[in-house]
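Listed here are the chains, written in short residue letters.
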Amino acid sequence: MLYWLRGVILGISVLVLSFAAYAQEVSREQIKGLDEQVQEIKSDVLGIAAELNQLEEKLLYPSNTQVAIFVSLASGETFRLDSVEIQLDGKQGAHHLYTFKELEALQKGGVQRIYTGNIRTGEHDRRCLSSVNLREAPISGIRRASRSIRMWAPRWWKYPWPPKALR
Amino acid sequence: MYRLFVSLTILIFAASSAAAGTSAPKELKDLYFGEALYYSFQGDWFDTIARLDTELPQHYELDEPELDSLYYHINQAEFAVGDFELAYRMHRRAGRAITAVIEGNVEEQVRNEAIFRLARIYFQKDQPVNALYAVERIRGGVPPQIRDDLAFLRAQIFMANGRFAEAARILRDLQAAESLEGFSTYNLGIALLKDGEELEGRQYLDRTGRINSSDDLTLAIKDKSNLVLGSKLLKEKKFEGAKQVLDRVRLNGPFSNRALLGSGWADVFQGRFERALVPWCVLVTREVTDASVQEAMLAVPYAYGKLNVHSKAAVMYGSALEKFGTEIDKLGASIKSIREGYFLRALVREELKQDANWVVKLRKLPQTPETYYLLELMASHDFQESLKNYLDLEELRKRLEAWQGDLDAFEEIIEQRRAYYEPLLPAIDREFRRLDSQMRLRLEQRDRIEKRLKAMLVAPRPDYLATSKERIISEQIVQLEQKLTASGTAVLSGIDVRIKRLRGVLHWNIYTEYDQRFTEVHKHLRDLNHVVDRLKRQYAAFVRTRQAATQSYEGYDDVIRRQRFLIREAREKVGELMARQGHMLETMAVNELTRRRERLAEFQIKARFGMAESYDRATRAQTQDKVSR
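Chains as they are written, first to last, in our numbering: chain A, 1 to 167; chain B, 1 to 629.
Okay, chain A solo, but in the shape it has when bound (with noise of 0.2 Å):
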């Protein structure tokens, strides 16, 4: 019983400071080595992504008619905001509903980009869009005028809540 005894002391000792020594039958190079993998094939996906993101911008909105819609809270609101739905020129472009994560990102100063489309050059309807008008963006290569187009459809985007465009 007492051989017993000492065992189960030592017991206590080897189940107070056993917290990382489970893992180590699955050896330690192995986990490192596992793990660089992973970390490469995240750089490479990740590369994946961005030619994606180019590819789609130009395939989807080109730049001469690409219109992106931005929602951000101006510092210190304390409403909560459930759902935003944008129309463009009458017709539904996007409907949001806002998830805790999501209210506590834009709480924290992150821009949502709630919608990219098309759109026609000419005046829109200024519920959704204040003035979108392409041709006095300054076009002079592709990324600036995309820039420019940015610029220009969020125009309303920091004024106080809620914005006429949003209903």
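Check each hint, because a few of them may be wrong.
Only pairs whose alpha carbons sit at most 25 Å apart, straight line, appear in this in silico SDA-like list of lysine to any residue [to be verified]: (1) K108/A <-> K312/B; (2) K573/B <-> Q54/A; (3) K29/B <-> Q66/A; (4) K312/B <-> R608/B.
In short, the hints are calculated from the structure, not lab data.
Values in this document were obtained by computation on a predicted structure and should not be read as measured data.
With chain A's structure known, arrange chain B on it following the hints.
What follows is chain B alone, placed relative to chain A:
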């Protein structure tokens, strides 16, 4: 032995580093950077990095990047990429990104903060020598908000490199740091013990074990410190001291089961079996899967046996035996379920994203393993990292699968556009060529007129501004003159005078009205310029639209083919890595469960032996009682 505790401390800090420290700028100028932050604030690291990876190269490709709105945030964005990559556990890439910041032309404080992060990466990745090399490169001032964290990291790095005296020196200076309350004292105790300063080391552990705080992390480190010190005293057979220290561990903390078990043993070694029963009887009512609880199920009847309550001991051994049998069966079923892949399938369910305790709650699902046995394994750094990698791989797998579908959709769009535009474009191009030649002709005419008008400013030519009527009359006069001359007859003096008068009137009108006409012509030219401008805008709009039409379906084949190839390769690699990572997780879980099952099997033998012995003694006691009577 203490190395483990050092790593436990690291674990607690590693967990806090999962959130990146990047915050939104005071005035956000670039919406796409704001969008990346939006994802980062939700912990969606892949989308965050992908967004920045798309934006940053485009920014650098611009002829004049200073005109781009991202220019205002470029330093923060570059720095944040490394931060986000670190949060996404891409330590190698994060290391490169941060190294680039360090080697760039940045302020001293920014540079030092970058080195701090780099050193932390190395430290977390178990590369203490590299971490030391990095942290030694810090020169000059550091941002006040990281000063204490940097000193603490430096101390941890010294400890990991076996330089305990230097670590202790730093940790002594950190004793006043509120943010590190408990951690600095505990680590100082460990560093001193490792440095051979036993007495002082114990004093600091003891001090940590007496901290008054309401902070959960501080209370956890307080419990851990008491547990470490108590176990150490128990091992050194200082049972009274051990008991006092172990009794300081909270009853509802994560270390309470082990403390209760140790506290009971401290009593037993002093022969105080009744007192040992107090913590153990609390312990045996707790979750049966806990190793300390299982041990207590043997320890309680053992104490009763020592108190000569053999019958109760025998009954309790029997109860323990039964429970061990149930648990062994449960463990067997769990091992089977893991081997059949249910564990991995349950791990990747969507609920995990919504509930951090999902892995623990798995046990409620049918055919999933008993996760309570895996709690300690799951708390280990290696398992956590492997699990996160597995979940990340699963996310990558889903994304790649979706992208494959996206490419199919892109190709379909391209084909539809081609089918729409190709039959239309030849006729449009023909019409455009016709209009284009007309337009060029008119523009040339306009240019000629403008040139002539400019010349007239220097050398006035009233005849150029004669109206068409005046030109016709002039022609008629010339014809009349020719006729008169050709007939050879003597011209009547009256006719000759009249012709001259007519020519004079014409000449008079043209020359006297020249200024007015010249002004009007300029007005007309201005009007024409407006029309020409509109024409040119329409022309440019048409050319853009025409180009866009072709560009909407041409030039994508190579890109899509390349993307398909990359996605296919990545999917194969992800599949292979998932299999390997999953197998590793399964192996860890099976090993752990097997270890626990073997331990329970040993306990079963001991319980059987104890039960038999207790029955034996109880019977013997009864016989002796009868004999004595």
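Hints, one by one, checked against the model:
1. K108/A <-> K312/B: Violated. K108/A to K312/B sits at ~62 Å, over the 25 Å cutoff.
2. K573/B <-> Q54/A: 24 Å, holds
3. K29/B <-> Q66/A: 19 Å, holds
4. K312/B <-> R608/B: 14 Å, holds
Figure legend: structure checked against the earlier numbered hints; the only hint not met is number 1.
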